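Chemist: As a plain string of letters, each chain reads:
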Amino acid sequence: MLILLYILFGISLVYIAATEKFKHYIQVYTIQGILLFGMAIIELKSFSVINLLFILAETIIFKSIVVPKLLRKILQRTGIHNVHKMSLQGNYTVMIMLVLLGISLVLAHVLHVPYVGEVYMMIAYLTLFTGLLLITVRKLLFGHLVGFLIIENAVFLFSIAIGNEFPLLVNTGILLDIFVAVLIMSMFLTRIGHKMGGFEVETLSKLKD
Amino acid sequence: MMIIAAFDTGSSFEGMGASREALYGMLLEPAIFVLIAGLVVLTGKFSMSALFSLPVDTGNNLIYGIIISYIIGNITLVENSRVPVDDPKTHLELTMIHEVMVLDTSGFNLALIQLTSFLKFAVFGGLIASTIIPNNLPAAWRLVLFFIVQALFGIIIGIVESFRTRFRMNRNQQYILTVTLISMIFFVVIFFSKNIF
Chain P
1 MLILLYILFG ISLVYIAATE KFKHYIQVYT IQGILLFGMA IIELKSFSVI
51 NLLFILAETI IFKSIVVPKL LRKILQRTGI HNVHKMSLQG NYTVMIMLVL
101 LGISLVLAHV LHVPYVGEVY MMIAYLTLFT GLLLITVRKL LFGHLVGFLI
151 IENAVFLFSI AIGNEFPLLV NTGILLDIFV AVLIMSMFLT RIGHKMGGFE
201 VETLSKLKD
Chain H
1 MMIIAAFDTG SSFEGMGASR EALYGMLLEP AIFVLIAGLV VLTGKFSMSA
51 LFSLPVDTGN NLIYGIIISY IIGNITLVEN SRVPVDDPKT HLELTMIHEV
101 MVLDTSGFNL ALIQLTSFLK FAVFGGLIAS TIIPNNLPAA WRLVLFFIVQ
151 ALFGIIIGIV ESFRTRFRMN RNQQYILTVT LISMIFFVVI FFSKNIF
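Taken in order, these protein sequences are the chains called P and H. 209 is the number that my numbering gives the last residue of the first sequence; the numbers go up by one with no jumps. 197 is the number that my numbering gives the last residue of the second sequence; the numbers go up by one with no jumps.
FYI, nobody ran anything at the bench for these hints, they're computed from the structure. Predicted model, so just to flag it, every value in this text is computed and none were measured. Among the clues, some could well be false.
Derived contacts from chain H toward chain P, CB cut-off under 7 Å, selection only [as the list claims (entries may be wrong)]:
(1) Ile63
(2) Val189
(3) Ser193
Label-pair restraints from in silico Cβ distances [as the list claims (entries may be wrong)]:
(4) Ile61(P) x Leu143(H): 42 to 50 Å
(5) Asn136(H) x His81(P): 48 to 56 Å
(6) Val99(P) x Val40(H): 21 to 29 Å
(7) Met86(P) x His91(H): 31 to 39 Å
(8) Ile184(P) x Glu29(H): 17 to 25 Å
(9) Val40(H) x Ile184(P): 23 to 31 Å
(10) Val144(H) x Lys139(P): 37 to 45 Å
(11) Ala5(H) x His81(P): 39 to 47 Å
Glycine included, each C-beta is placed from N, C-alpha and C at the ideal position.
Take these sequences, add in the hints, and give me the full structure.
Modeler: In structure tokens, the structure reads:
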């Protein structure tokens with residue numbers, strides 16, 4: 001079952017890198033939340049109510065319900081639907097993803113930790129690189145926001161891979177991270193974006209004290 | 001053979017279709033080979049019939065079967081020139097891929113070409129059937145299930161075609177590369193889970 005979740009998570013990363021519609025970004029992010037919930041539940045060694053509630057809150061409630069709803073609201077307010085015309089085309093991002101998959105594979109093997117599954121690390125590295133790729137190639141702020149959220153998912157994967165007990169401190173940290181990332185970026189998009197007359201990353205360089 | 005037949009007409013228009021067909025076939029080859037490599041790692045066998053009948057004792061037979069079916073389904077859409085990659089019923093001849101090559105063919109030859117495309121479609125359906133159906137079932141049951149899977153495969157492809165629009169020509173490469181990447185992910189996950197490294 002875990003293998004299916006790994007592969008589905010990998011497929012979701014491919015689609016998020018290839019698609020050029022922001023609506024699809026949100027859909028894939030929602031699915032990733034559900035997949036992470038499945039992975040966390042299967043990987044969990046010590047089963048306590050608090051841990052279970054935290055996982056449920058982080059994955060299903062935040063990643064699959066609250067954050068996507070917030071993102072949809074941002075899209076409605078800003079009226080942006082597609083990536084910037086000058087952004088790198090899907091053909092090239094998919095090709096870059098092929099290279100990133102190779103790098104993740106090598107990294108997972110070279111930096112192998114005995115008690116962590118290599119396939120787990122490989123998917124976590126690929127998630128991290130996908131987030132960085134989105135931040136690098138997308139020109140609109142919304143793409144960057146989703147890139148940060150994907151990196152959050154990578155951190156979540158690392159945290160389950162390394163800490164089998166899933167410490168409460170890591171949980172709280174991730175929850176706070178998600179909150180801050182979405183709040184700050186939505187502020188940039190909805191408030192500052194309208195004032196500055198655009199939602200591109202370059203407009204942020206005009207900001208002064 | 002189709003490409004040679006298209007060149008044989010001497011028309012530059014059919015040559016264009018042949019070059020498109022060759023390009024998409026070439027782009028799709030890595031996806032097929034990587035999928036086969038993944039199956040070799042998974043089953044430890046080297047013959048085509050053994051590769052596509054997954055061992056029942058692994059416990060993940062159905063899971064692997066679903067993923068392999070998904071990849072083969074996408075390959076089928078490209079190889080059989082179906083929507084969203086190609087539209088066999090389009091009236092816009094400049095956007096055709098496969099149909100350009102058969103524009104000058106008629107009668108018995110056209111019937112043979114149509115028949116071969118039906119067979120090609122059935123072969124892909126057969127691959128999916130042999131992957132999904134457990135090989136420890138009695139032969140009669142496997143035969144019945146084979147026809148059910150073939151019928152379902154046709155229906156699902158029909159539904160996919162009905163709800164999707166045709167891609168622009170420059171989007172096709174992206175679609176094929178995506179299938180290749182999914183195939184690679186399948187291969188890498190199988191590779192790691194078998195501890196071969």
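Chemist: Against each hint, give a clear statement of whether it holds in the structure.
Modeler: Now the hints, each set against the structure:
| no. | hint | result |
| --- | --- | --- |
| 1 | Ile63 | holds, 4 Å |
| 2 | Val189 | holds, 5 Å |
| 3 | Ser193 | holds, 6 Å |
| 4 | Ile61(P) x Leu143(H): 42 to 50 Å | holds, 48 Å |
| 5 | Asn136(H) x His81(P): 48 to 56 Å | holds, 51 Å |
| 6 | Val99(P) x Val40(H): 21 to 29 Å | holds, 24 Å |
| 7 | Met86(P) x His91(H): 31 to 39 Å | holds, 34 Å |
| 8 | Ile184(P) x Glu29(H): 17 to 25 Å | violated, 46 Å |
| 9 | Val40(H) x Ile184(P): 23 to 31 Å | violated, 48 Å |
| 10 | Val144(H) x Lys139(P): 37 to 45 Å | violated, 55 Å |
| 11 | Ala5(H) x His81(P): 39 to 47 Å | holds, 44 Å |
Hint compliance for this structure: hints 8, 9 and 10 are broken, all remaining hints hold.
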